[in-house]
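These protein sequence lines are chains U and D, in that order. Mapping of the first sequence onto the working numbering: position 476 corresponds to residue 485, and the numbering continues sequentially without gaps. Mapping of the second sequence onto the working numbering: position 227 corresponds to residue 242, and the numbering continues sequentially without gaps.
Source of the hints: derived by calculation from the structure; they are not laboratory data. One should not assume that every hint holds.
To be verified - Sample of chain U residues at the chain D side, in silico, Cβ under 10 Å: (1) Gly303; (2) Arg307; (3) Ile352; (4) Ser404; (5) Val422; (6) Met435.
Claimed, not checked - Residues from chain D that face chain U, not an exhaustive set, calculated with beta carbons under 8 Å: (7) Tyr25; (8) Glu99; (9) Val136; (10) Thr266.
Here a beta-carbon is modelled for each residue, glycine too, at the ideal position from N, C-alpha and C.
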Amino acid sequence: MKISATWIRDFVSPAVDDRKMADDLTACGIAVEGYYGEGVDLCYEAEVTTNRVDAMNHYGVAREVSAIYDLDLTTVLPVVKEHRAQKPFVIEIEDAQGCARYTARVARGVKIGPAPKEIAHRLGLIDQRSINNVADATNYVLNELGQPTHAFDMDKLEGGKIIVRRAKDGETLTTLDGVERKLTKDDLVIADAVKPVALAGIMGGEASMITESTKNVLIESAWFDPATIRRTARRLGMHTDASHRFERGADYGITSKACARVATLIEQTAGATIEGEIDVVARKLEFPKIKLHGSEVRRILGGEIPEAEIVRILRRLGFGVEGKGGVFTVEVASWRLDVEREIDLIEEIARIYGYLKLPSTLPSFAGAVVELPEAQKNAAMRQRLLALGYNESLSTTFLSQEECTAFGQGEPVRLANPLSEEAAYMRASLVPGLLAQAAYNLNRGNTDVRLFENGHVFEAVGEKVDERARISFIATGNAQQPGVHGKPEAYTFFHMKGDVEQLLAEFEHRTIYFDRHVPEYFHPGRSARAVLDGGTVARFGQIHPEIAAARKLKQDVFVAEIMPERLFQHELRTARYTPVPKYPVVERDFSFVLPEGTEFEKMKAVVEALNIAEMEAFEPVEIFRGGTLPHSKYSFLVRARFQSAERTLRDDEVNSWSQQIMKAMESLGGVLRG
Amino acid sequence: MYNVPKLEDYSAALDKAVNELLAAVETEAQAVADAKACEELRNRWMARKNGVLTQINDLWLKAAPGPNKRDVGQRVNQIRAKVEETIEATQQRIAGSSADARLKAEMIDISLPGIRRSLGVKHPVLKVLDDLIGVFVKMGYSIAEGPEVESDYYNFEALNFPPNHPARDTQDTLFIANQERRPQRDRLLLRTHTSPVQIRSMEKLKPPVRVICPGKVHRNDTPDATHYPVFHQIEGLCVDTNITFADLKGTLEHAMQSLFGSNVKTSFRPSFFPFTEPSVEVSISCPFCGGKGCRPCKQSGWIELLGAGMVDPNVYGFVGYDPAKLSGFAFGMGIERLAMMSYNVDDIQQFFYGDMRFLEQFA
Ligand SMILES: [Zn+2]
Chain U
10 MKISATWIRD
20 FVSPAVDDRK
30 MADDLTACGI
40 AVEGYYGEGV
50 DLCYEAEVTT
60 NRVDAMNHYG
70 VAREVSAIYD
80 LDLTTVLPVV
90 KEHRAQKPFV
100 IEIEDAQGCA
110 RYTARVARGV
120 KIGPAPKEIA
130 HRLGLIDQRS
140 INNVADATNY
150 VLNELGQPTH
160 AFDMDKLEGG
170 KIIVRRAKDG
180 ETLTTLDGVE
190 RKLTKDDLVI
200 ADAVKPVALA
210 GIMGGEASMI
220 TESTKNVLIE
230 SAWFDPATIR
240 RTARRLGMHT
250 DASHRFERGA
260 DYGITSKACA
270 RVATLIEQTA
280 GATIEGEIDV
290 VARKLEFPKI
300 KLHGSEVRRI
310 LGGEIPEAEI
320 VRILRRLGFG
330 VEGKGGVFTV
340 EVASWRLDVE
350 REIDLIEEIA
360 RIYGYLKLPS
370 TLPSFAGAVV
380 ELPEAQKNAA
390 MRQRLLALGY
400 NESLSTTFLS
410 QEECTAFGQG
420 EPVRLANPLS
430 EEAAYMRASL
440 VPGLLAQAAY
450 NLNRGNTDVR
460 LFENGHVFEA
470 VGEKVDERAR
480 ISFIATGNAQ
490 QPGVHGKPEA
500 YTFFHMKGDV
510 EQLLAEFEHR
520 TIYFDRHVPE
530 YFHPGRSARA
540 VLDGGTVARF
550 GQIHPEIAAA
560 RKLKQDVFVA
570 EIMPERLFQH
580 ELRTARYTPV
590 PKYPVVERDF
600 SFVLPEGTEF
610 EKMKAVVEAL
620 NIAEMEAFEP
630 VEIFRGGTLP
640 HSKYSFLVRA
650 RFQSAERTLR
660 DDEVNSWSQQ
670 IMKAMESLGG
680 VLRG
Chain D
16 MYNVPKLEDY
26 SAALDKAVNE
36 LLAAVETEAQ
46 AVADAKACEE
56 LRNRWMARKN
66 GVLTQINDLW
76 LKAAPGPNKR
86 DVGQRVNQIR
96 AKVEETIEAT
106 QQRIAGSSAD
116 ARLKAEMIDI
126 SLPGIRRSLG
136 VKHPVLKVLD
146 DLIGVFVKMG
156 YSIAEGPEVE
166 SDYYNFEALN
176 FPPNHPARDT
186 QDTLFIANQE
196 RRPQRDRLLL
206 RTHTSPVQIR
216 SMEKLKPPVR
226 VICPGKVHRN
236 DTPDATHYPV
246 FHQIEGLCVD
256 TNITFADLKG
266 TLEHAMQSLF
276 GSNVKTSFRP
286 SFFPFTEPSV
296 EVSISCPFCG
306 GKGCRPCKQS
316 GWIELLGAGM
326 VDPNVYGFVG
336 YDPAKLSGFA
346 FGMGIERLAM
356 MSYNVDDIQQ
366 FFYGDMRFLE
376 QFA
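Using the sequences and the accompanying hints, generate a full structural model.
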């Protein structure tokens, strides 16, 4: 909001310069965030919070100044030379809920012309365009007293009367901006005997607007119900200076004064004769009388503010204050609809007294700090992913419908008012976001990408939304950089599997296995599901080549998805000590020729089923294809390691175990190679 | 090169021959410079076939007449011992110098860059969030969390934003579709602030309450250099008997000094939030320029950082707390803006691209 310092000084003029006055206003809640203009034309760019509609005008700001410096505020008392009405104008309020009070005056014989220089200049200072003497009079009063008023071309009003009523469904009104508005029975209108002539509290009608040929003017100054005005303004997508104020609660007590002030200006600047006031009160607004206790002021603020200071501040702000001895009855001013409770008064006292003058203390505390149940698990995952070389990332929450369907299992969650169609859904997976980030990097020549994200994914369950955590990571490029020290090594499925294994190793479990049950966005031959004690805890592998191609990813990209809701059911691993073996390890290598497609997991299973207690490991060493081998076969070098905690193993027992292993491998079609 | 002579006699000639032989092995040994020469020396003198020692055995000992055999035998043994000793010493000498040579040969260019294993980097926004959490946990605050998809009740109503209140307009809320049939308070939206976690925490906990609520929030903001529809906030809540506005000031002053250093000054001025009263806007003296004026503080020397205030009594009504007995304060702040200022990042969107070159700068 733009405020002229000189205009404030019409009403109160403290002995400080305009800059100091701005600083003091800022400290009490009228935030002056910038200045423009010089000397008497200096203006403030002020931020007034939405609850303080009373301060969105010069007189209101002057009232704050009077409270800050404890100075009297000049009262605005327009003196109207009243002429007897030729024929009394009739105002009827049909809807007392929508319009509590309607004050009007008739100005006859106006000569429409430019406004005088002083008025045009003042309006110009605060960026308001001068239109003509009548329009400027209403605008001047709006910015001075905060009361929106309206001037009708009275001769355009049929039937010589104003009716404040709800519109009829299907009625229309063309507003000042030339737009034809379709009205509903919720909308409050100002009507003449025949038709709506203005949208109450929002905008006048085009048909009754002031023109150069206007002779007689009806001045409207009313109090409209905030919720009613807001509903219509929202429905019609309108926001005007008038609606902004009425929506937030205008001053019920000022309709008469503002009407007279507009009339006086029209009389002075347009040569009109003014008739007597027509003031119709349909509903009397009551203003609360609030009990204020000194003890409550202390309990909330924690500082001692003298009683006299409390009384002074409230009176300067226009509140009526009675009582002493720590208990007061405060009568709220008609322009402060935001003040209803004792706490509202305490805020008024605190802000004018000065937040900075109140003491600073640290509260004592006897409670304990409680950790979130999954804090340690999340921290362990994060720490390990960082150690594995993944950078922590954040990606957007919003996806397109296609992405949601391609990467999510359930019903996607749509936004009612999305930023765009590409961002119309809540993410059902972290994968699309990470893929987009991989593409962003590849397009900029960052060919090695390692990112992880811990975030929420969403799924619709009827009208409700299921929200759960996911941890996903993505990798592409080299696992080992090329350079002076050696050759590059590409990141493969097995790098990712190793990282997944490292992460899962953080958690207690009895069994783990990997199989090929994965969603369709994975490469079917190079992806896996990890199952921990029977529960799916992760899915990972290479992105399907078609998806990679559609996203213009020109290198193999790998992603992993961890499901914390299942993984975190497992406790974090507790370290356990077993004595380091004293006796030597015996190793035996076996080279088998196996049918193509025989998986190592199966070999391991049949060998482990032998239950050789001393077999400490069974591990793959080398795989060979081609040469003299037919296409249907491949050769696999495996190594068994035997060790006993109690003794050195004998050759004959190791040989016997080796025989058992060979037999087991034969059951899978394995043939020992010479 | 030494040749084994035949002996003319077994007295004077033997003495002379022995001396010449011992002198010769010494001379030849001294001439040895490398392992190969050393091996040749050993072969020449000690080879079973035709080595010098074998030769003297044949030419001197075997040829000696009976009475001299014993004496010659002794002399030959002494020679053998001496020769073996000399050759052994030579071998030792050569081995020592070749270890030196090996070390010399194994020298590398230590000025080449090291082989680094890359470590992951924490996201700068979450790092700033971690720092903030750390400060408040030390002050006795527990961490609380809530959902990103919230109901109208938690995001607005229980925070004293009545239905259709203009204060709701400032929130640029994103709404979940298909909620029309539900009562207004159950309708889902993306939380526009972390403040709903205040309500959820008070519902769950009995006073005294001290919680800090970090999290992600969303607004219907078109992305540009200073706006992004996704961002993070941290919210704090302290409710007990006798918590005052002075405690709010002291707590935030202490927290700001823990974060930005003890020279940082804190300023409070009135503001408006529906769920606090009195409400305050908290600024700190610019920690980047010390108050002289710089880009982050827009040359003003001050940075607006937090919104705060005493919890509005209406809020207690929603959670079943007695406002006559309890009081408390709440505060909240945006994380991205602080991270932008801390690291001099000029575009908020950078935080959400996942650009490796950007992220790795925060190692
Ligand atoms: Zn600065």
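task = Classify the hint on serine 404(U) as holds or violated, based on whether any CB of chain D lies nearer than 10 Å to its CB.
result = 6 Å, holds
ask   = Is the interface hint for threonine 266(D) satisfied, with its Cβ closer than 8 Å to some Cβ of chain U?
value = Since the shortest Cβ distance to chain U is 6 Å, the answer is holds.
request  = Let me know if the C-beta of tyrosine 25(D) comes in closer than 8 Å to any C-beta of chain U, holds or violated.
outcome  = 61 Å, violated
key: chain D contact restraint for valine 422(U) - C-beta distance below 10 Å   = Holds, because the Cβ-Cβ distance from valine 422(U) to chain D comes to roughly 6 Å (cut-off 10 Å).
ask   = Is the interface hint for methionine 435(U) satisfied, with its Cβ closer than 10 Å to some Cβ of chain D?
value = Since the shortest Cβ distance to chain D is 7 Å, the answer is holds.
query = Quick one, is the glutamate 99(D) hint okay against chain U at 8 Å, beta carbons?
reply = Check failed: Cβ of glutamate 99(D) comes no nearer than 39 Å to chain U, outside 8 Å.
ask   = Regarding the hint that arginine 307(U) lies at the interface with chain D, is the smallest CB-CB distance below 10 Å?
value = Hint on arginine 307(U): holds, closest Cβ of chain D at ~8 Å, below 10 Å.
key: Restraint check, 10 Å cut-off on beta carbons, for isoleucine 352(U) near chain D   = 5 Å, holds
ask   = Would the stated hint for valine 136(D) survive a check requiring a Cβ distance to chain U of less than 8 Å?
value = Where the cut-off is 8 Å and the nearest Cβ of chain U is about 5 Å from valine 136(D), the hint holds.
message = Can you verify the interface hint for glycine 303(U): is its Cβ closer than 10 Å to any Cβ in chain D?
response = For glycine 303(U), the interface hint is violated, since the closest Cβ of chain D sits about 14 Å away, which is over 10 Å.
The structure is inconsistent with the numbered hints 1, 7, 8, although it conforms to all the rest.
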